[in-house]
Amino acid sequence: MPPTRYSFIVADRATGHVRRFTLRIRLVTSLATLAISLPIGWALLQHSAALSEINRLQAERARLEIENTRYRNAAVALTRDIASLQSAIGQLSARIARTSSAEPPIERIPRALRTAVGHRDANHVPLPAFDLLTDLLGTLDHRIRLLRYDVAWREAIAGALPTLWPADGWVSGGYGYRRDPFTGDREFHAAVDISTRSGDPVYATAHGRVISARRSGNYGNLIEIEHGFGIQTRYGHLSEFAVLPGTTVRRGDLIGYVGATGRATGSHVHYEVLADGRHVNPLRLLVDRQSDLAAN
Numbered sequence: 000m001p002p003t004r005y006s007f008i009v010a011d012r013a014t015g016h017v018r019r020f021t022l023r024i025r026l027v028t029s030l031a032t033l034a035i036s037l038p039i040g041w042a043l044l045q046h047s048a049a050l051s052e053i054n055r056l057q058a059e060r061a062r063l064e065i066e067n068t069r070y071r072n073a074a075v076a077l078t079r080d081i082a083s084l085q086s087a088i089g090q091l092s093a094r095i096a097r098t099s100s101a102e103p104p105i106e107r108i109p110r111a112l113r114t115a116v117g118h119r120d121a122n123h124v125p126l127p128a129f130d131l132l133t134d135l136l137g138t139l140d141h142r143i144r145l146l147r148y149d150v151a152w153r154e155a156i157a158g159a160l161p162t163l164w165p166a167d168g169w170v171s172g173g174y175g176y177r178r179d180p181f182t183g184d185r186e187f188h189a190a191v192d193i194s195t196r197s198g199d200p201v202y203a204t205a206h207g208r209v210i211s212a213r214r215s216g217n218y219g220n221l222i223e224i225e226h227g228f229g230i231q232t233r234y235g236h237l238s239e240f241a242v243l244p245g246t247t248v249r250r251g252d253l254i255g256y257v258g259a260t261g262r263a264t265g266s267h268v269h270y271e272v273l274a275d276g277r278h279v280n281p282l283r284l285l286v287d288r289q290s291d292l293a294a295n
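At the far end of the sequence shown sits residue 295, using numbering that gives the first Met the number 0, and the numbering has no gaps.
Quick caveat, the hints were computed from the structure, so don't treat them as lab data.
Every residue, glycine too, gets a C-beta built ideally from N, C-alpha and C.
Some clues are possibly wrong.
Distance windows between CB atoms, simulated [as the list claims (entries may be wrong)]:
(1) 152 - 277: 21 to 27 Å
(2) 283 - 33: 41 to 47 Å
(3) 178 - 32: 19 to 25 Å
(4) 229 - 38: 31 to 37 Å
(5) 183 - 213: 27 to 33 Å
Take the sequences, apply the hints, and build the full model.
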């Protein structure tokens, strides 16, 4: 039967003082198991929360796409209605013109008949149908302009959301507090590090405009993109740039290449997302990978 405890004896040669320490195997095993299971449990919990957030964002994105499709269909239907009304108004105008040219002079129509049909003078004919169609046309035209504006606004927001992974790799550094790889001090890491091979492509994660592509201290070669609606992304430690400041990019466009410039321990992309100047966890937005977009 294996021993359930171990004893250690420490003796001081100078004084002859002896100390005895006893360790229970079950207690040591329990503490070791707890020390191992706590980080694993925390990591699984964080992973589950991230998956839940990603599923919510995917569902929201699908809902927006369905709504945009409905708005587009409504806009197309309204456009057809406007074209039909314009055609009807044109036909009614031509009919009125023909009727007016065939009418006898007003003075040859008996006074009683002129009063009954509402003639005031030779140039006036009551046209309630024509006025109704004209008003309806104006109303529909206003509605279609509003719909087109709403669709464009929704598409602009969807395009500004940084949902694409900036590189094909694995997360080697998460968002939040961690040990600094150089100093060992506890620090807040306001980004995610995505490790992959040096020279691999780096992509824009949303539509926007490149506002900076330059060397920037610990970031090394850094690209900053403005996406509108207060959203900005940063891509650090690049080996090379593929865009210049002022370039307009779309989600999935090549902007640079993975490197280890600046304060880096290996080849990776330091990726940040800011909203109104405040950092947010990029993993809460990352949904699509570049390979997924290429497959679609």
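Here is what the structure says about each hint:
1. Our hint of 21 to 27 Å for residue 152 and residue 277 holds, since their Cβ atoms are close to 23 Å apart.
2. Between residue 283 and residue 33 the beta carbon distance is about 30 Å. The supplied range of 41 to 47 Å is therefore violated.
3. At about 24 Å, the CB distance of residue 178 to residue 32 agrees with the hint of 19 to 25 Å.
4. Separation of residue 229 from residue 38 is about 35 Å and conforms to the stated range, judged on CB atoms against 31 to 37 Å.
5. At roughly 30 Å, the beta carbons of residue 183 and residue 213 sit within the given window of 27 to 33 Å.
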